[in-house]
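Peer 1: Chains as they are written, first to last, in this note's numbering: chain A, 1 to 441; chain B, 1 to 245.
Honestly, the hints are just simulated from the structure, not real lab data. These numbers come from a predicted model, not from an experiment. Watch out, some of these pointers could steer you wrong.
To be verified - Listed below are several chain B residues computed to face chain A (Cβ distance under 10 Å; list not exhaustive): (1) 25; (2) 27; (3) 43; (4) 50; (5) 59; (6) 122; (7) 195; (8) 198.
Think of the CB as a built atom: it goes at the ideal place given N, C-alpha and C, for glycine as much as any other residue.
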Amino acid sequence: MTDLSGWGGFPSHPATLANPVTQADLARAIADGAVIARGNGRAYGDSAIGLRQTVLMHGLNHMISFDRQSGFLVAEAGVLLRDVITAFLPHGWFPPVTPGTKFVTLGGMIAADVHGKNHHKDGSFRNFVDWLDVMDANGVVHHCNRTENAQLFEWTIGGMGLTGVILRAGIRLRPVPSAWIRQTSQALPNLDAVITAFEGADAATYSVAWIDCVSRGASLGRSILMLGEHATPDALSDDAARYPFEIPDKTKRTVPFAMPFSLLNSLSVRAFNGLYYWNGRRKAGVSFVDYDTYFYPLDAILGWNKIYGRRGFMQFQCVLPLETARDGLRALLKATSLAGAGSFLAVLKRFGPQDSAFSFPMLGYTLALDFPATPRMIALMRKLDQITLEHGGRFYLAKDSRMDPDTLHASDPRVAEFKQMRQAFGATDAFQSKQSERLFL
Amino acid sequence: MSKGTLLLLGAKSDIGRAIAHRFAAAGYDIQLAARDSDTLEATKTDLALRHNIAVSAHDFDVLQTDTHAGFVDALPALPDIVVCAIGLMGDQIANEQDFEAATRVMRSTYEGPAHILGLLANRFDARGSGQIVGISSVAGNRGRAKNYVYGSAKAGFTAYLSGLRNRMAKRGIHVMTVLPGFVNTQMTAGMDLPEKLTAEPEEVATAVFNGLRKGRNIIYVRSIWFVIMTIIGSIPERIFKKMNI
Numbered sequence: 001m002t003d004l005s006g007w008g009g010f011p012s013h014p015a016t017l018a019n020p021v022t023q024a025d026l027a028r029a030i031a032d033g034a035v036i037a038r039g040n041g042r043a044y045g046d047s048a049i050g051l052r053q054t055v056l057m058h059g060l061n062h063m064i065s066f067d068r069q070s071g072f073l074v075a076e077a078g079v080l081l082r083d084v085i086t087a088f089l090p091h092g093w094f095p096p097v098t099p100g101t102k103f104v105t106l107g108g109m110i111a112a113d114v115h116g117k118n119h120h121k122d123g124s125f126r127n128f129v130d131w132l133d134v135m136d137a138n139g140v141v142h143h144c145n146r147t148e149n150a151q152l153f154e155w156t157i158g159g160m161g162l163t164g165v166i167l168r169a170g171i172r173l174r175p176v177p178s179a180w181i182r183q184t185s186q187a188l189p190n191l192d193a194v195i196t197a198f199e200g201a202d203a204a205t206y207s208v209a210w211i212d213c214v215s216r217g218a219s220l221g222r223s224i225l226m227l228g229e230h231a232t233p234d235a236l237s238d239d240a241a242r243y244p245f246e247i248p249d250k251t252k253r254t255v256p257f258a259m260p261f262s263l264l265n266s267l268s269v270r271a272f273n274g275l276y277y278w279n280g281r282r283k284a285g286v287s288f289v290d291y292d293t294y295f296y297p298l299d300a301i302l303g304w305n306k307i308y309g310r311r312g313f314m315q316f317q318c319v320l321p322l323e324t325a326r327d328g329l330r331a332l333l334k335a336t337s338l339a340g341a342g343s344f345l346a347v348l349k350r351f352g353p354q355d356s357a358f359s360f361p362m363l364g365y366t367l368a369l370d371f372p373a374t375p376r377m378i379a380l381m382r383k384l385d386q387i388t389l390e391h392g393g394r395f396y397l398a399k400d401s402r403m404d405p406d407t408l409h410a411s412d413p414r415v416a417e418f419k420q421m422r423q424a425f426g427a428t429d430a431f432q433s434k435q436s437e438r439l440f441l
Numbered sequence: 001m002s003k004g005t006l007l008l009l010g011a012k013s014d015i016g017r018a019i020a021h022r023f024a025a026a027g028y029d030i031q032l033a034a035r036d037s038d039t040l041e042a043t044k045t046d047l048a049l050r051h052n053i054a055v056s057a058h059d060f061d062v063l064q065t066d067t068h069a070g071f072v073d074a075l076p077a078l079p080d081i082v083v084c085a086i087g088l089m090g091d092q093i094a095n096e097q098d099f100e101a102a103t104r105v106m107r108s109t110y111e112g113p114a115h116i117l118g119l120l121a122n123r124f125d126a127r128g129s130g131q132i133v134g135i136s137s138v139a140g141n142r143g144r145a146k147n148y149v150y151g152s153a154k155a156g157f158t159a160y161l162s163g164l165r166n167r168m169a170k171r172g173i174h175v176m177t178v179l180p181g182f183v184n185t186q187m188t189a190g191m192d193l194p195e196k197l198t199a200e201p202e203e204v205a206t207a208v209f210n211g212l213r214k215g216r217n218i219i220y221v222r223s224i225w226f227v228i229m230t231i232i233g234s235i236p237e238r239i240f241k242k243m244n245i
């Protein structure tokens with residue numbers, strides 16, 4: 001037994017681990033039921049902590065084939081996204097959708113059906129998954145795609161590992177002209193301005209806004225909007241153009257240990273938010289940044305999650321439909337800044353249409369905030385849950401660590417159907433996480 | 001552009017595979033060797049895809065010493081580096097009663113590895129270049145009741161590497177001994193190992209890669225193990241024999 005938690009460090013549960021390196025090992029590990037597969041542990045809460053046993057997937061991490069002409073990759077679920085980039089970016093291929101860290105496994109990306117800064121254009125990761133091999137409770141492997149075992153395919157994507165264990169996947173990478181992004185950033189004085197700017201930026205490949213959630217009144221929701229395009233070599237400096245798929249080495253910074261207390265308090269968060277905004281405003285305009293800096297700024301600080309101290313932290317991420325987004329976001333930001341909570345990192349993103357069984361995204365706006373794991377913040381997050389419900393929004397399970405089942409079930413009519421499908425797949429008892437137990441999934 | 005070729009003996013071991021990935025990432029071509037080489041197919045493809053290098057897989061049984069020369073002859077090229085990650089721990093209690101089992105541990109851990117490395121050393125000598133890495137164990141530093149069958153074989157292997165290094169130093173061929181301490185592998189799965197003393201296979205691989213670059217002779221992966229083994233080594237025998245460590 002060892003204590004296991006998600007990326008947020010909260011909650012933490014004693015857990016038994018299995019470490020399969022073959023398919024037979026895996027079948028044995030799940031035979032006794034109440035297990036969940038765990039990729040690289042980047043879900044924030046308790047999504048990847050098994051009820052009885054947690055099955056570590058990093059031993060099943062072979063790349064199986066890659067077609068350099070079409071960019072089609074077949075790989076085992078435990079392969080890290082970082083390794084996909086390292087192997088194939090030099091040949092001009094990049095993940096079609098990427099979350100804010102490259103330290104996730106392909107299996108985890110599919111189970112959470114991750115989205116990226118291009119969701120408004122390209123949708124979630126699901127759109128680039130052609131097929132899956134999924135192991136059921138009896139250790140039988142089912143090949144599934146949009147026509148064959150289509151139900152299993154649809155509900156496994158975004159199904160948080162609760163329909164079976166994803167073993168292998170066939171995914172399509174996207175061709176890119178270089179390892180660089182042409183970034184255009186813009187400072188926007190308030191929420192209305194940033195939403196208007198998002199609505200006008202539909203053509204951009206990537207878009208995301210960092211939002212100051214400390215400021216109030218007329219500057220409530222002031223943001224730095226960052227748009228991005230893959231840069232063509234001719235736009236790069238001579239050095240970069242000569243080796244368009246290479247980026248400069250970076251010094252990695254490490255947070256050496258969990259602070260006994262949080263470095264973040266309302267004062268430092270306020271100062272940081274202010275600085276970030278003014279700095280963004282000063283640097284507004286066009287710049288060229290390498291993919292690592294653009295997509296994965298936090299990966300450069302290994303163990304950044306420890307800055308919240310030993311008690312850990314929580315993420316709140318919801319999506320609101322287009323029609324209610326403006327009002328809903330205003331209410332969420334107001335509640336946050338009134339609580340004097342102020343999140344260190346707050347991210348706003350426009351989603352495009354989404355057509356899938358159980359994935360998180362929907363046409364609208366998503367807001368992600370993080371808070372230290374304290375009772376006061378949990379109370380605030382309940383308030384934010386309520387506002388989200390009132391505006392017809394829903395929640396991202398990969399970020400959740402403390403929601404109550406009523407909130408989830410009220411937010412998402414698909415939950416009932418998801419439970420039925422789990423029953424139909426014979427997965428209800430076999431695959432259970434601390435999260436699925438907490439949320440009655 | 002290939003940086004050279006590394007032959008990995010014991011390609012199914014976790015440490016071995018981590019070493020293959022580390023060198024492949026640096027541009028080395030890899031020759032994988034283990035029993036039932038068809039089971040290496042997945043590792044072979046994975047290495048080639050990730051690192052864009054040439055990989056081959058070869059049947060090798062460390063206990064069939066009469067096949068070793070033929071094995072080396074059949075390699076596509078004489079490697080620049082050989083890493084031997086072969087060893088069999090067995091079960092100490094069983095080894096105390098079943099001498100066949102004990103012999104298998106000794107032969108797999110000492111006789112076989114020494115045989116193939118000696119053979120390769122002579123080939124390297126004839127060519128005038130080569131680097132030899134033996135993954136031994138701190139278990140060989142002092143025999144303990146808990147694992148002396150395995151430990152004695154590792155002691156023999158460590159001494160063999162030391163002598164080979166001494167002989168080859170004048171011939172421009174480098175021999176490096178690796179004493180990893182606890183490593184989180186299939187071999188130690190289920191054992192309750194102290195976290196601070198337990199390295200991941202990738203850590204061993206990086207230590208081997210860096211150690212070889214610097215021309216190190218004997219490396220402990222985590223330096224705490226040097227301290228521990230120095231202390232264990234200095235305990236007087238009359239006290240040591242009554243201890244339970």
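Peer 1: All hints, please: hold or fail.
Peer 2: Results of checking the hints against the structure:
1. The criterion of a C-beta within 10 Å of any C-beta in chain A is met by residue 25(B), whose closest approach is roughly 8 Å, and the hint holds.
2. For the restraint placing residue 27(B) at the interface with chain A, the shortest Cβ-Cβ distance is roughly 12 Å, beyond the 10 Å limit, so the hint is violated.
3. At a threshold of 10 Å, the smallest CB-CB gap from residue 43(B) to chain A is about 7 Å, leaving the interface hint in force.
4. For residue 50(B), the interface hint holds, the least distance from its beta-carbon to any beta-carbon of chain A being 5 Å, beneath 10 Å.
5. For residue 59(B), the suggested interface contact is broken, since its CB lies about 20 Å from the closest CB of chain A, more than 10 Å.
6. At its closest, the beta carbon of residue 122(B) sits 35 Å from a beta carbon of chain A; the interface hint therefore is violated under the 10 Å criterion.
7. Below 10 Å, beta-carbon pairs count as interface contacts, and residue 195(B) has one with chain A at about 9 Å; its hint therefore holds.
8. A distance limit of 10 Å between C-beta atoms decides the matter here; for residue 198(B) the minimum to chain A is near 12 Å, and the interface restraint is violated.
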